[in-house]
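Chemist: Please put together the full structure from these sequences, using the hints given.
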Amino acid sequence: MEFCIVAGGPERYLPDLKKFNNTNVKWVGVDRGVFTLLENGLEAEGAFGDFDSVSSAEWSLITDRVEKVNTYKPEKDETDLELALNWVLGQNPDSIKIFGATGGRLDHFMGNVQLLMQPTLIDSGIKSELIDVQNRLWVVKAGEHEVIELPSHQYISFVPMTGSVEDLTLTGFKYPLKNRNIFRGSTLCISNELIQSSGTFSFTNGILMVVRSSDSTS
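The sequence shown finishes on residue 1009 if you use my numbering, and the numbering steps up by one all the way, no holes.
By construction, these hints were calculated from the structure, which means they are not laboratory data. We treat Cβ as the ideally placed atom computed from N, Cα and C, and that holds for glycine. Keep in mind that a hint or two might mislead.
[To be verified] Label pairs and their computed distance ranges (CB to CB):
| hint | residue 1 | residue 2 | range |
| --- | --- | --- | --- |
| 1 | Pro942 | Thr962 | 14 to 24 Å |
| 2 | Pro806 | Ser989 | 16 to 26 Å |
| 3 | Thr911 | Ile981 | 46 to 56 Å |
[Stated by the list, open to error] Pairs of lysine-lysine residues, derived as DSS-like cross-links and limited to a Cα-Cα distance of at most 25 Å, are as follows:
| hint | residue 1 | residue 2 |
| --- | --- | --- |
| 4 | Lys918 | Lys932 |
| 5 | Lys932 | Lys969 |
| 6 | Lys932 | Lys965 |
| 7 | Lys817 | Lys918 |
| 8 | Lys918 | Lys810 |
| 9 | Lys859 | Lys817 |
| 10 | Lys859 | Lys809 |
| 11 | Lys809 | Lys918 |
Modeler: Rendered as structure tokens:
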């Protein structure tokens, strides 16, 4: 089962959520993201947040339409999205997609990226992506990984999330690499592109962020 989480980020950065819906998907809303789900005709499996960003009318709709509403005080140690993500991990998902986690405040965005670095999540091997109208972002551990051509997201960037990523090899890319060590702070692997239908990247140590991007917002 795939879980899709919709957080409360600016709606203008959201892709068409309906394109990600199918019978194998369960949706979860975070704060105003719950209302966004309902607006798009999607049913929320659960709702999480302090709900300080919804109106009284929106709150009434949420409590009327969603069976599992988990409310929290604004003052807490975890963000609303972290609470939702932890719940989803407890449901043994096959994969996780997170929307509404980019745009707006940079501290929120950086915190959301940090959630992907949770040891529990990384060690689980569950692919967990942050997705907006232009980007798809996830992190991976050392090993060999395949990426396939995605015309809607032409560019592929690799960003070291640990002090170093060792022996990075890129095959099938416009700018290939062979056993190269890259270090946190490097922009060496920004804006690469596939030159065939699929490519591989591998490394022996570290954690790497993968970002697939497009110039277009359509």
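Chemist: Would you mind marking each hint as holding or not holding in the structure?
Modeler: Structure-based check of each hint:
1. Pro942 / Thr962: 14 to 24 Å: holds, 20 Å
2. Pro806 / Ser989: 16 to 26 Å: holds, 23 Å
3. Thr911 / Ile981: 46 to 56 Å: violated, 29 Å
4. Lys918 / Lys932: holds, 11 Å
5. Lys932 / Lys969: holds, 18 Å
6. Lys932 / Lys965: holds, 23 Å
7. Lys817 / Lys918: Cα-Cα ~16 Å, so holds.
8. Lys918 / Lys810: OK: Lys918 and Lys810 at ~19 Å, within 25 Å.
9. Lys859 / Lys817: holds, 13 Å
10. Lys859 / Lys809: holds, 22 Å
11. Lys809 / Lys918: holds, 20 Å
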